[in-house]
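A.B. asks: Chain by chain, the residues run as shown.
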Amino acid sequence: MRTPRLLVLGSTLLVLLAACTSSGGASSAPSAAASAEATAAESSAPASAEPASAAALPPIRIGSDNFYESKLMGEIYAQVLEANGYTVERKFGLGSRQERIPTMDAGQIDLVPEYVGSGLGFYDKTKISGDGQANAAALQAAIASKGLTVLGISPGQDTNAFVVRKDTSDNLKLTKMSDLAAVQDQLKWGLPSDCDTNPLCSGALKDYGITYPPKQRSALGACDVPMATALQGKAIDLAELCSTQPAIVQFGFVTLEDDKHTQPAENIAPIVRDDYLAKVDKTAFAALLDAASAKMTTDELTKLGVEVAVNQKDVAEVAKTWLTAQGLVK
Amino acid sequence: MQDIVNFFLDPTHWQGDTGIPNRLLEHLVISGAAILAATLIAIPIGLYIGHTNRGAGLAINLANIGRAVPSYAMMVIPLPFTLSLAPVLGYSPTFGLNFLPVFLAMTFLAIPPLLVSTYAGLRSVDRDLVEAGRGMGLRERQILNGIELPLASSIIIGGFRTATLQVIATATIGAILAGGGLGRFIFDGLNQGLAGRASIYAGAILVSALAIGVDLVLALVQRRLTPIALRTTATRGRRGSARLPSGDDGAELPASA
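Residue numbers (this note's numbering), protein chains in the order written: chain G, 1 to 330; chain Y, 1 to 257.
In case anyone wonders, no lab produced these hints; they're calculated from the structure.
Warning: the hint list may mix true and false statements.
[To be verified] Some chain G residues close to chain Y (C-beta under 10 Å, calculated; not the full set):
#: 1; residue: Ser118
#: 2; residue: Cys195
#: 3; residue: Gly233
#: 4; residue: Ile236
#: 5; residue: Asp258
#: 6; residue: His261
[Unchecked claim] Just so you have them, the derived chain Y footprint on chain G, three or more residues with Cβ under 8 Å:
#: 7; region: 140–148
#: 8; region: 188–194
Here a beta-carbon is modelled for each residue, glycine too, at the ideal position from N, C-alpha and C.
Excised from the complex, chain G in its bound form:
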């Protein structure tokens, strides 16, 4: 563990030094669009042609955090690019955001999947909203100066979800969060124990007119296996899970629609280093990944999660099957 950290540190320093020495020049213009146009003009010939030989396209290093969903998204980006002639070096499992961000800032990876809500929260928690596009724009503003670009977001997101069993949903006509207040006393609530002090939990519930705390509540970890098991086993009737948690598909739970957008939007988008984008046709490159992102709904992401996390299938295989089914690769 020590050596890589030292490497990261060392290379961060090197990059900082390099940045300092070159900051006088106009090369680090923040206007990504302008530089993209320039790049496109310069290199439109090779990139807009048929997927050229690998030699024509600079190899790209794709990273991911150390959990299955991040690896899966990284693998999907990787295969889309590979199918279009790019050479990909996979550097998955870089740890958590705290470790991965310095790695990327140091220039050791070129592209990484990121959740726009939590990713923005790393820089400024106060700017997180329930709107994915707004989060992406704010994240872009926060990291533009680092030479990073946020590409298009997926409609799917992995955020906090309040979930009930199918039978509860049917019996009490529950489909969205606004339906909860009327039946709150008939439910046994599974809530994390920090809910009292967490505006995204007790605050959000109060926004929906729910009297907090509910009469019957069990303190369980949000997104934890025991929370999902307890819901399935009817020890609780409502659980706070993650919206792409495999248990939702496995047990046929119903996710209540967050109709007031109280939860942070956590759509997923690739973040790319500008110095890599400068070497390729940015528009064409972004179009490839945006097409894949556009197909990734919360449902799809959850189903793929079941394949990887529950059925223990190989991430590369799951990504390939999905991309083929979506017509994104042949």
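Starting from the structure of chain G, add chain Y where the hints point.
C.D. replies: Quick look at chain Y alone, frame taken from chain G:
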């Protein structure tokens, strides 16, 4: 430091379902139930394998699984079963969530030290004494009750102390499964970031105090149960001068001394 003191001084922390007295009671109930169940399982088996010296390897190795598997896993693995059995056996699913799995995990945690100490206690009894008892015409049960058990009692209670200490300390994690007990202070504190620090420390202090307090009481019991002749010496008990029970009545001699 001051905020920990304030935590204990805050009267709201001493009232109601979420107050210290109720959490302490919950902690004692789940720990006590688990230790009782473990005692009922481990001591008879321990006495059997100790007296007969048969099946000891198998029993002890089986029991040690309870020690080898992390208690968290021991709790979460039976959870689906304790929940799905609720309608079948007629207990509430909540009981199957926040009591039964924790109870099972704590029972499995308490069995190994109890079993091993009972076995070791019985095996530590001088074989000559057992043979002498046999020579005097004592039946096997009389040998067990009158000779082996009294001489082994101090080692057995030693195992009981270990088991109790472990269970009280570990029952803390029952809070993960929405359980009560003193673990709530720790887990709720952990979930509150910096603001929860006092709660974490207070919970840890309470759990340690409870574990140490109960252990001290058991230490006194252990001393009382140790035959007088063995008291000041090491608990090995290989002493010819040990006061010997002499027949049926003798069974009570050491304990009442």
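A.B. asks: It remains to establish, for every hint, whether it holds in the given structure.
C.D. replies: Structure-based check of each hint:
With a least beta-carbon distance of about 16 Å to chain Y, the hint placing G/Ser118 at the interface is violated under the 10 Å criterion. Residue-level restraint check for G/Cys195 holds (minimum Cβ-Cβ distance to chain Y is 9 Å; threshold 10 Å). Interface restraint check: G/Gly233 against chain Y, minimum CB-CB distance 3 Å, threshold 10 Å, status holds. A distance limit of 10 Å between C-beta atoms decides the matter here; for G/Ile236 the minimum to chain Y is near 8 Å, and the interface restraint holds.
The beta carbon of G/Asp258 is not positioned within 10 Å of any beta carbon in chain Y (closest approach about 22 Å), and the interface hint is therefore violated. Checking G/His261 against chain Y: minimum C-beta separation of about 24 Å lies over 10 Å; hint violated. For the region 140–148 of chain G, the assignment as covered by chain Y is violated, since 0 residues bring a beta-carbon within under 8 Å of that chain's beta-carbons and 3 are needed. Counting residues of the region 188–194 of chain G whose beta-carbon sits less than 8 Å from any beta-carbon of chain Y gives 5, enough to reach three: the coverage restraint holds.
Of the numbered hints stated above, those contradicted by the structure are hints 1, 5, 6 and 7, listed in ascending order.
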